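Q: These are the residues of each chain, in order.
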Amino acid sequence: MSPDRRQFLGWGAAAAAGTVFAPVIKLIELAQARSPQEAASALQRWGLLIDITKCTDCDVCVTACHDENGVTGHGRPGTDAQWIRKVSLRDKRTGYAQTLPLMCQHCEHPPCVDVCPTGASFKRDDGIVLVDKHTCIGCRYCVLACPYGARSFIHETVSGQKSDVPRGKGTVESCTLCVHRVDRGETPACVEACNRDGGKAMVFGDLNDPSAEIHRRLRSEPSTQVRADLALNTGVRYQGL
Amino acid sequence: MMRFAVAVLTVVLTVAGFADAGEKQIRRVAVPVVKIEKGEACVAPTVEMRRDHMNMLLHQRDRTLRQGIRESRFSLKNCVDCHASRETGSVLGKDGFCSSCHAYASVSLDCFECHTPLRQARAASVPR
Chain A
1 MSPDRRQFLG
11 WGAAAAAGTV
21 FAPVIKLIEL
31 AQARSPQEAA
41 SALQRWGLLI
51 DITKCTDCDV
61 CVTACHDENG
71 VTGHGRPGTD
81 AQWIRKVSLR
91 DKRTGYAQTL
101 PLMCQHCEHP
111 PCVDVCPTGA
121 SFKRDDGIVL
131 VDKHTCIGCR
141 YCVLACPYGA
151 RSFIHETVSG
161 QKSDVPRGKG
171 TVESCTLCVH
181 RVDRGETPAC
191 VEACNRDGGK
201 AMVFGDLNDP
211 SAEIHRRLRS
221 EPSTQVRADL
231 ALNTGVRYQG
241 L
Chain B
1 MMRFAVAVLT
11 VVLTVAGFAD
21 AGEKQIRRVA
31 VPVVKIEKGE
41 ACVAPTVEMR
51 RDHMNMLLHQ
61 RDRTLRQGIR
71 ESRFSLKNCV
81 DCHASRETGS
91 VLGKDGFCSS
101 CHAYASVSLD
111 CFECHTPLRQ
121 ARAASVPR
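Protein sequences appear in the order of chains A and B. Mapping of the first sequence onto the numbering used here: residues 1 to 241, in sequence order. Mapping of the second sequence onto the numbering used here: residues 1 to 128, in sequence order.
Hints were generated in silico from the structure; no laboratory data involved. Owing to the predicted nature of the structure, the values given are computational and were not obtained by experimental measurement. The beta-carbon is built from N, C-alpha and C at its ideal position, and this holds for glycine as well. Keep in mind that a hint or two might mislead.
[Stated by the list, open to error] Chain B is faced by these chain A residues, among others (derived, beta-carbon under 7 Å): (1) Q37; (2) A39; (3) A40; (4) A42; (5) D132; (6) K133; (7) Q161; (8) R181; (9) D183; (10) G185.
When you get a sec, could you build the whole thing from the sequences and use the hints?
A: Written out as structure tokens, the structure is:
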């Protein structure tokens, strides 16, 4: 029996739908955890959305970050490393006070990468900005270049590092977006802690994935970048600022 | 003249022979302690590991850091997991797997300026 015209058109429509939707399905697959053998892909861009209206006066994100990454100080705030910090804002006229966590903003066009003389400061394909401490010479140009003050220099000998987070004297470091956790398919420690013990103010996800909560919210709700005037296209966005 | 040269050569060879014998009795440099703590075989044959472990680690480090490829085979974490001492849990120290050999060969070992020389707590809690 030969197929009639209606049936033939049906097959055509199915084939067309397959062609259109297959790449979308492919993108959704990529948003899942990669296998350890697979390289980070430019199809993804990891980011954070922080709703400051929900950010309370706690510091669980800071504690969780420093626990996860083994960031310990010597009780010297001037030189101790700081991967994430709480910043308090206060409107002088109205007295309206806000608090927000500030860390590396994982820019698309990172000034720290531009100024690095050895190529140690780099952006991974999936948008995470990192320091290759094997090539970092500790010149601290990036510390000066970063408009967010996100980078720290390690002044003193470090011991008791976490196996996933090597740290050493004479190099610069900053928030890695918990890259070792992200590579395992988990969320950063600050986000996990905020959603467990804090104000549930932080969302982590792939900015390029249309099915991700962060993508949906950025599309449908207002958000701001800190120092948007610099046009760095940050990966960390804020709401209620 | 010829006689004198032969005499000198004989003396030199004799002294060298004595020195060699002496060294066999008392080594001036301690032989490295290569104590394999865990597992039957390394990730590559011993000869290859001795000659090339630094290159394996170098390539793995760039793949992991720059591309996010986290294969465990040639990773430093994997080295430490097997080779850390049972007593100290470390690859450093007097009889540490890494440090004793590097001290013998007089090669500086910079990995553990930043990386932890200790076996991970997770791996240590798993019964071997």
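Q: Does each hint fit the structure? Answer for all of them.
A: Against the structure, the hints come out as follows:
no.	hint	verdict
1	Q37	6 Å, holds
2	A39	4 Å, holds
3	A40	4 Å, holds
4	A42	11 Å, violated
5	D132	6 Å, holds
6	K133	6 Å, holds
7	Q161	5 Å, holds
8	R181	11 Å, violated
9	D183	5 Å, holds
10	G185	12 Å, violated
Violated hints, in rising order: 4, 8, 10; the structure is consistent with all others.
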